[in-house]
Amino acid sequence: MNLTLKIWRQANADATGSIETYPIENVSPDMSFLEMMDVLNEELIGKGIDPVAFDHDCREGICGMCSMYINGEAHGPDRLVTTCQLHMRKFKDGDTITIEPFRANAFPVVKDLAVDRSAFDRIQHAGGFVSVNTSGNTQDANAIPIDKHDADKAFDAATCIGCGACVASCKNASAMLFVSAKVSQYALLPQGKVEATDRVLNMVKQMDEEGFGNCTNTGACEVECPKGISLENIARMNREYLSASLKG
Amino acid sequence: MSTLIKTSLARKFAMALSGLFLVFFLLQHFTINLTSVFSEEVFNEFSHFMGNNPLVQFALQPVLIFGVIFHFVMGFVLEIQNRKARASKYASNNGAANSSWMSRNMIISGAVVLSFLGLHFYDFWIPEMNYKYVEVLPENPTRYFEEMVHKFESPVRVGLYVVSFGFLALHLLHGFSSSFQSLGANNKYTRAIKGFTTAFAIGIPLGFVFIALFHHLTAF
Amino acid sequence: MADKWTNHKSHINLVSPANKRLIDVIVVGTGLAGASASATLAELGYNVKTFCFQDSPRRAHSIAAQGGINAAKNYQGDGDSTYRLFYDTIKGGDYRSREANVHRLAEVSTNIIDQCVAQGVPFARDYGGLLDNRSFGGVLVSRTFYAKGQTGQQLLLGAYSAMNRQIGRGKIKMYNRHEMMDIVLVDGKARGIITRNLVNGQIERHGAHAVVIASGGYGNVFFLSTNAMGSNVSAGWKIHKKGAHFANPCFTQIHPTCIPVSGDHQSKLTLMSESLRNDGRIWVPKNIEDVNAIREGKLKPTEIAEENRDYYLERRYPAFGNLVPRDVASRAAKERCDAGYGVNKTGEAVYLDFASAIMRYGKEQAHVKGLNENDAVLVKKLGQDVVRAKYGNLFQMYEKIVDQNPYETPMMIYPAVHYTMGGVWVDYNLMTSIPGCYAIGEANFSDHGANRLGASALMQGLADGYFVLPYTIGDYLASDIRTGAIDTNTPEFEAAEKAVKDQIDAFVNNNGKNSVDSYHRKLGKIMWNKCGMSRNAEGLKEAIAEIKALREDFYKNVNVPGKANEFNEQLAKAGRVADFLELGELFAKDALERTESCGGHFREESQTPEGEALRDDENFTFVSAWEYKGEPSEAVLVKEDLNYEEIEVKTRSYK
Numbered sequence: 000m001n002l003t004l005k006i007w008r009q010a011n012a013d014a015t016g017s018i019e020t021y022p023i024e025n026v027s028p029d030m031s032f033l034e035m036m037d038v039l040n041e042e043l044i045g046k047g048i049d050p051v052a053f054d055h056d057c058r059e060g061i062c063g064m065c066s067m068y069i070n071g072e073a074h075g076p077d078r079l080v081t082t083c084q085l086h087m088r089k090f091k092d093g094d095t096i097t098i099e100p101f102r103a104n105a106f107p108v109v110k111d112l113a114v115d116r117s118a119f120d121r122i123q124h125a126g127g128f129v130s131v132n133t134s135g136n137t138q139d140a141n142a143i144p145i146d147k148h149d150a151d152k153a154f155d156a157a158t159c160i161g162c163g164a165c166v167a168s169c170k171n172a173s174a175m176l177f178v179s180a181k182v183s184q185y186a187l188l189p190q191g192k193v194e195a196t197d198r199v200l201n202m203v204k205q206m207d208e209e210g211f212g213n214c215t216n217t218g219a220c221e222v223e224c225p226k227g228i229s230l231e232n233i234a235r236m237n238r239e240y241l242s243a244s245l246k247g
Numbered sequence: 000m001s002t003l004i005k006t007s008l009a010r011k012f013a014m015a016l017s018g019l020f021l022v023f024f025l026l027q028h029f030t031i032n033l034t035s036v037f038s039e040e041v042f043n044e045f046s047h048f049m050g051n052n053p054l055v056q057f058a059l060q061p062v063l064i065f066g067v068i069f070h071f072v073m074g075f076v077l078e079i080q081n082r083k084a085r086a087s088k089y090a091s092n093n094g095a096a097n098s099s100w101m102s103r104n105m106i107i108s109g110a111v112v113l114s115f116l117g118l119h120f121y122d123f124w125i126p127e128m129n130y131k132y133v134e135v136l137p138e139n140p141t142r143y144f145e146e147m148v149h150k151f152e153s154p155v156r157v158g159l160y161v162v163s164f165g166f167l168a169l170h171l172l173h174g175f176s177s178s179f180q181s182l183g184a185n186n187k188y189t190r191a192i193k194g195f196t197t198a199f200a201i202g203i204p205l206g207f208v209f210i211a212l213f214h215h216l217t218a219f
Numbered sequence: 000m001a002d003k004w005t006n007h008k009s010h011i012n013l014v015s016p017a018n019k020r021l022i023d024v025i026v027v028g029t030g031l032a033g034a035s036a037s038a039t040l041a042e043l044g045y046n047v048k049t050f051c052f053q054d055s056p057r058r059a060h061s062i063a064a065q066g067g068i069n070a071a072k073n074y075q076g077d078g079d080s081t082y083r084l085f086y087d088t089i090k091g092g093d094y095r096s097r098e099a100n101v102h103r104l105a106e107v108s109t110n111i112i113d114q115c116v117a118q119g120v121p122f123a124r125d126y127g128g129l130l131d132n133r134s135f136g137g138v139l140v141s142r143t144f145y146a147k148g149q150t151g152q153q154l155l156l157g158a159y160s161a162m163n164r165q166i167g168r169g170k171i172k173m174y175n176r177h178e179m180m181d182i183v184l185v186d187g188k189a190r191g192i193i194t195r196n197l198v199n200g201q202i203e204r205h206g207a208h209a210v211v212i213a214s215g216g217y218g219n220v221f222f223l224s225t226n227a228m229g230s231n232v233s234a235g236w237k238i239h240k241k242g243a244h245f246a247n248p249c250f251t252q253i254h255p256t257c258i259p260v261s262g263d264h265q266s267k268l269t270l271m272s273e274s275l276r277n278d279g280r281i282w283v284p285k286n287i288e289d290v291n292a293i294r295e296g297k298l299k300p301t302e303i304a305e306e307n308r309d310y311y312l313e314r315r316y317p318a319f320g321n322l323v324p325r326d327v328a329s330r331a332a333k334e335r336c337d338a339g340y341g342v343n344k345t346g347e348a349v350y351l352d353f354a355s356a357i358m359r360y361g362k363e364q365a366h367v368k369g370l371n372e373n374d375a376v377l378v379k380k381l382g383q384d385v386v387r388a389k390y391g392n393l394f395q396m397y398e399k400i401v402d403q404n405p406y407e408t409p410m411m412i413y414p415a416v417h418y419t420m421g422g423v424w425v426d427y428n429l430m431t432s433i434p435g436c437y438a439i440g441e442a443n444f445s446d447h448g449a450n451r452l453g454a455s456a457l458m459q460g461l462a463d464g465y466f467v468l469p470y471t472i473g474d475y476l477a478s479d480i481r482t483g484a485i486d487t488n489t490p491e492f493e494a495a496e497k498a499v500k501d502q503i504d505a506f507v508n509n510n511g512k513n514s515v516d517s518y519h520r521k522l523g524k525i526m527w528n529k530c531g532m533s534r535n536a537e538g539l540k541e542a543i544a545e546i547k548a549l550r551e552d553f554y555k556n557v558n559v560p561g562k563a564n565e566f567n568e569q570l571a572k573a574g575r576v577a578d579f580l581e582l583g584e585l586f587a588k589d590a591l592e593r594t595e596s597c598g599g600h601f602r603e604e605s606q607t608p609e610g611e612a613l614r615d616d617e618n619f620t621f622v623s624a625w626e627y628k629g630e631p632s633e634a635v636l637v638k639e640d641l642n643y644e645e646i647e648v649k650t651r652s653y654k
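Residue numbers (numbering that gives the first Met the number 0), protein chains in the order written: chain A, 0 to 247; chain B, 0 to 219; chain C, 0 to 654.
Bound-form chain A, shown alone:
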């Protein structure tokens, strides 16, 4: 396949960026999107052009590092995949592909397509944990049976990879899906319930301080989430927050 790539280039956080156009030839449909980017970068290096910076690591859809906005969608047109799992067979010969970084004030650009998502980390610092020390004396793992349905739902929420596609896709750059996934995971498990009140209040507070937008329930996050995290989690967080506020 021969393609035309329009890629956002920005030297660093302070520079102004712009879209540059690069043609690329002989792309195999079996390549992953990032392998196509590797090929492009090899070509650019050969021509003495600075290669395109982008975040990536595991290349199997679990680390959450890759973060491209491809043709107007986070992680591109395919569903339930990260950019590294998107394959070129989803595109046609002659296509023009626009590639941008995940954009949000809370995710400043580091360089080109790489962004800084440490806001997510800071939200987790505010309460994304169960306060239990490592002692070797915690009670037996089977001491508290947990309803399989709750355990499964907690797991589903916990599969969030923290990639930020929800923020990138949301017209408001809201981080509700991400935050709610963590809140839900713990709210559904007896181990997490103990601190549920403080957790939800603190995490939402931090989320707001990071400059994410408000949630208007467009549902874009759920559609674009590579792990299919459900909007149910946002509803659950809303409930948790409401009851926590009334309590606190």
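A couple of the hints might just be wrong.
[Stated by the list, open to error] Taking lysine-lysine pairs in the DSS-like style, the calculated list, with each CA pair at most 27 Å apart, reads:
| # | chain 1 | residue 1 | chain 2 | residue 2 |
| --- | --- | --- | --- | --- |
| 1 | C | Lys380 | B | Lys187 |
| 2 | C | Lys547 | C | Lys512 |
| 3 | A | Lys46 | C | Lys512 |
| 4 | A | Lys204 | B | Lys5 |
| 5 | C | Lys8 | C | Lys170 |
| 6 | C | Lys540 | C | Lys555 |
| 7 | A | Lys204 | C | Lys172 |
| 8 | A | Lys89 | C | Lys299 |
[Said to hold, decoys possible] Derived list of chain C stretches under chain A, where covered just means 3 residues or more per stretch with a C-beta under 8 Å from a C-beta of chain A:
| # | segment |
| --- | --- |
| 9 | 100-114 |
| 10 | 121-132 |
| 11 | 159-167 |
| 12 | 463-472 |
To be clear, the hints were calculated from the coordinates, so they are not data collected in a lab. Idealized CB from N, CA, C, for every residue including glycine.
Knowing the structure of chain A, use the given hints to seat chains B and C on it.
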């Protein structure tokens, strides 16, 4: 408790609650309007009651006005905040791939409904307030029907009315079901809620349009 | 042996809580080992500085571990015990691991599960609400705890959450997007590291009383592996060059169930969890005509009759069948493919077939639900639902990559480099040969011998980080309470920083003509062809010479674009590939030296008439620890003899 009015989630609850309140009001308004199709007397009776009952006038009406203003002001505030959250825009954005037009353009449908409310106030509420509290004209429990029918004589007004209710339908298609999600209701009843809110969002505005057209066509 | 760890813990030196506040510890890497160690050290009161090259600690490659984590809980009542886990691990490692370390690992394994559940890790449960288990290769009990196919993710997020709590409290200072460039020794002790900020290129000095290396394995020396793109050996290699011995570099695990290579553009390989072998049956066609027809696209695997299929693992190893250990399964696949029975275009793939599992589960479900067990369509559907619930995400992953539906047609798999048992040599306290420098998790060599059993990597990472290192490190730090804060304005730091800057300058000013990746690919080819699933003296000698030549060419002709003081991935990669180019040579040297076959190390010269690995216990029951002497070729072998007191050394048989 103070956290309930400062944070993004608090604003979300507030939008949902005020929205639901307005939906409830809309239903009530529709019910009264609908009587005009069947019976001039019943309509006049209801209108007179709503216009003169002190509880409605001095308790419900201020709450309603507050609700309307709050919902709109908050809507605009949210829109501004949300736009600010992404200062650098996408060159290419395919919102249609992941969300409905309605959900992405609540500010547009809302603004249209707001301008319509302006017209509506100009048509009904201001003359009404003028009648009752400024000029303090004598009580006439049978004037309401005629006043209304008179307003629907103009095809331009009816046209505006139809368009506005179209936008209200779009606004409700997202907003009504969305308010349930905001309040934390997302469970096995969600499908039923979606169905009901969709029927409501289309049915009620259509009903208003029907009433307007009915009077427009039968006025002569 | 049974009490060794308990006694050791009771007798080692401790640091008082008041003094822990005065002590700084650096942790490099935030995988299971690094994250759990950081969190626990901080809980104990140490001041921890943690570094990772990713943009968040949560992205470390432990996150990609799929199948599960072993623990001798015996919840299934199938006769599991600490001893059995200990025994299985030693046997699985082909009697090349240190007995005491493995016993300790088996002992603390149960604590890990308790700890993780307390942290809110959502392990799979049964309908009674209790934890579920599954079985993994090389063992006869079900002791593997799992969270669908994302166990590593859930465990890492658990450790990350424990870290987050300490970051929030200010006890851990987290440095994301920082790469460790070198270790700094003062008076022979580890006293800090030099890092490069990957965003702006700044070179920084960080002092501490101890340095913990938790930077994972070096599988990427093969270029293509299941490791993450950024996984590298540099932290381990830098400390090796400063005095830490590097043990058993040739012990590499080639995982049998990976998605085959699709073309030259391939940047990495994707693993399909070993848990799939619980239900999938591995086969190739019996007749070479069928193989050819498949390659030409004239025949579908589903069209091959049962009697024309060769379920070669079940045939060769009836006792363990498809659940033989990884090294055995990988070699068996290679044997079939080398014989010409590979089922894809390149001839490097075998089938992993779920059809019979789907029917078996479907029948079971039909029976439970009182439906017609003879309705094949219904049974298939029910069976697919069961398989989907167990392995849904893996099947989806396969379909996305290969564009074939594994519910309908068998998967194609081929072995790929996955894990490195070798690593930095450590003592019982997990301290390297450099005082004050520790290595934990995959970065060290200690627990898996010549082959790791499935679901044991997660166990080891968390055991080291949560339950071993935080105690043993106190033994060393107890003598350091009067040292005071480490001054980084010393000649030692100066010199280390200068060396780092010089190397970076040399790279960016090299103006060569070949990209970094081109060297990495070439290195990978040499490694895979000559140091891969089977090795021989001739090939290894060639590899040593070729890697050396490649390394020289690399320094002459590598092209690193961009500048030193900016986000420059090529520059970061150049430093990593430079280290791989040295490690690769030592790897081959180690493999050449060890003329026996054991675990993942298969020397063609040392095999039984049936082609099984032939160990040489008389001459090789030792750990090969290599001491750096300026060049990989000059490294000096230091043997640590392995003594087995609890376990009788036997020929490993899974027949």
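**27 Å limit on alpha-carbon distance, applied to hinted pair Lys46/A and Lys512/C** = Judged against 27 Å, a Cα distance of about 11 Å means the pair holds.
**Request:** Below or equal to 27 Å on CA atoms is what counts here, so check Lys8/C against Lys170/C.
**Result:** 24 Å, holds
**Holds or violated: Lys540/C to Lys555/C, with C-alpha atoms at most 27 Å apart** = The given pair, whose Cα atoms are some 23 Å apart, holds under the 27 Å limit.
**Request:** Can you take a look at whether the segment 100-114 of chain C is actually covered by chain A? Rule is 3+ residues, C-beta closer than 8 Å.
**Result:** holds (count 5)
**Message:** Please verify whether Lys204/A and Lys172/C have alpha carbons no more than 27 Å apart.
**Reply:** 22 Å, holds
**Request:** Take a quick look at whether Lys380/C and Lys187/B sit within 27 Å of each other, Cα to Cα.
**Result:** 25 Å, holds
**Prompt:** Do the alpha carbons of Lys547/C and Lys512/C lie within 27 Å of each other, as the hint requires?
**Reply:** 19 Å, holds
**Prompt:** Does Lys204/A pair with Lys5/B here, judged by a C-alpha cut-off of 27 Å?
**Reply:** 9 Å, holds
**Asked** the segment 159-167 of chain C covered by chain A? Criterion: 3 or more residues, Cβ-Cβ distance below 8 Å.
**Response** holds (count 7)
**Prompt:** Within 27 Å, alpha carbon to alpha carbon, are Lys89/A and Lys299/C?
**Reply:** 25 Å, holds
**Message:** Using a Cβ cutoff of 8 Å, are there at least 3 residues of the segment 121-132 of chain C near chain A, or does the coverage claim fail?
**Reply:** holds (count 10)
**Prompt:** Count the residues of the segment 463-472 of chain C with a beta-carbon closer than 8 Å to any beta-carbon of chain A: does the count reach three?
**Reply:** n = 3 at 8 Å, threshold three: holds.
In this structure, every one of the numbered hints holds.
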